[in-house]
Amino acid sequence: MTVSDVIRQRIKADGPIPFRDFMDIALYYPGLGYYTSGKNRIGTEGDYFTSPTVTPIIGELLGKQIEEMWTLTGKGQFTVVEYGAGAGLLCNDILNMLLHSNKELYDQLSYVIIEKNTLARDIAFVSSHPNVSFCNSIKDLNISCGCVLSNELVDNFPVHLVVMEDALMEVFVGFKDGGFHEVLKPAATSLIDYLKEFGVELPQGFRAEINLDAIDWLKDVSSALQKGFVITIDYGLASEDLYSAQRSNGSLRCFYRHQVTSTPYLNVGDQDITAHVNFSALRHYGARVGLECSSYCTQGEYLRSLGLVEQLRQMELNGRYQVSEMKQKLFMVHTLLMEMGPRFKVLVQQKGIDTQV
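Mapping of the sequence shown onto the numbering used here: residues 1 to 357, in sequence order.
Errors might be hidden in some of the hints.
Unchecked claim - Distance windows between CB atoms, simulated:
| # | residue 1 | residue 2 | range |
| --- | --- | --- | --- |
| 1 | THR189 | GLY290 | 20 to 28 Å |
| 2 | PHE198 | THR298 | 28 to 36 Å |
| 3 | SER244 | LYS176 | 32 to 40 Å |
Said to hold, decoys possible - Below, in silico cross-link-like pairs of lysine to aspartate or glutamate (DMTMM-like), each with a Cα-Cα straight-line distance of 25 Å or less:
| # | residue 1 | residue 2 |
| --- | --- | --- |
| 4 | LYS219 | ASP270 |
| 5 | LYS12 | ASP354 |
| 6 | LYS219 | ASP155 |
| 7 | LYS116 | GLU240 |
| 8 | LYS351 | ASP216 |
| 9 | LYS116 | GLU104 |
| 10 | LYS227 | ASP354 |
No lab work stands behind these hints: they were computed from the structure. Each residue gets a CB set at the ideal place from its N, CA and C atoms; glycine is no exception.
When you get a sec, could you build the whole thing from the sequences and use the hints?
As structure tokens, then:
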């Protein structure tokens, strides 16, 4: 059975399903979904790259950020929870940095990975770190003090698709003549209220995504975190830009063998499906559940604020890399700052902390 078969059976039993459910099954159906089938999705042999696969520098700089957070919270026991860690590259880079530069913190640190891909757990590059564990859900945790970290997570939450006609309509997915097709139905009140919350009035024919799952995620994170921080790294925009006229076709994108398309109904289960994150929503609904915005900026600005330029200079002065390796590092940093940097944003939220990072 394929994930397409699962969706077809669901449609046969229930009729057309919300696009949000289609996306959820395509990405996360146990054992068959894009992220749960056990296949490698990242890197040259996969469908896309992430920052940790480009360079370990981002992990090293995040290690410095975690040091600062640990200091602000009193230098006691500290838990880092990373969502969607994949093979653990970012985790490994962070812990290697702390092991060599701050053994006191390293010894007090618990690093918990929440990862739906069970194969990724088996190949994770973190076996040398005894303070790493795996967890199925943040609901199983009670974090007295720590940091919840995600890198390119929220863009993969299943989204509702809406289209403005005479009234707001939601996209449902049906199946006929051997293929999936879209069916429009009146949008639920929750979707209409979401747009009203940000003063968004979509013009006729405008197509957009609404990520209600992100609101539930923030609630779960805040419930589990008594004191500490949330770092969200992803590509996205503020609501006024996300729903602006130039984005009338929405931001939904699919990644298949390093090719980008806007067709989610092909290669179902074998291609990634993503949508831009509404960072205004993360800030707005985060505040409602006790997560105060500490900072919000582009990834490039964030890395510079953590000392990226100085770190590169020290690496060069210390002879840490040969000339050819250093050129490669500089190229990777250029990718992070110039190509990925402006598109990616970093939101830091805090709870129970008086001082901002």
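Now for the hints, and whether the structure bears them out:
For the pair THR189 and GLY290, the supplied restraint of 20 to 28 Å holds, since their beta-carbon distance comes to about 25 Å. Restraint check, PHE198 to THR298: a C-beta distance of roughly 21 Å breaks the suggested window 28 to 36 Å. Range check, SER244 to LYS176: Cβ separation about 35 Å, and the 32 to 40 Å hint holds. A distance of roughly 30 Å separates the Cα atoms of LYS219 and ASP270; the hinted pair therefore is violated under the 25 Å criterion.
Proximity of LYS12 to ASP354 is assessed by CA-CA distance (about 54 Å); at most 25 Å being required, the pair is judged violated. Of the pairs offered as hints, the one joining LYS219 and ASP155 holds, with about 17 Å between alpha carbons and a cut-off of 25 Å not exceeded. Only pairs whose Cα atoms come within 25 Å are accepted, and LYS116 paired with GLU240 is rejected, the gap being roughly 33 Å. About 17 Å separates the Cα atoms of LYS351 and ASP216, which keeps this hinted pair within 25 Å; it holds.
The hinted pair formed by LYS116 and GLU104 fails the criterion: a straight-line CA distance of about 31 Å is larger than 25 Å. The straight-line distance between the Cα atoms of LYS227 and ASP354 is roughly 11 Å, inside the 25 Å bound, and the hint therefore holds.
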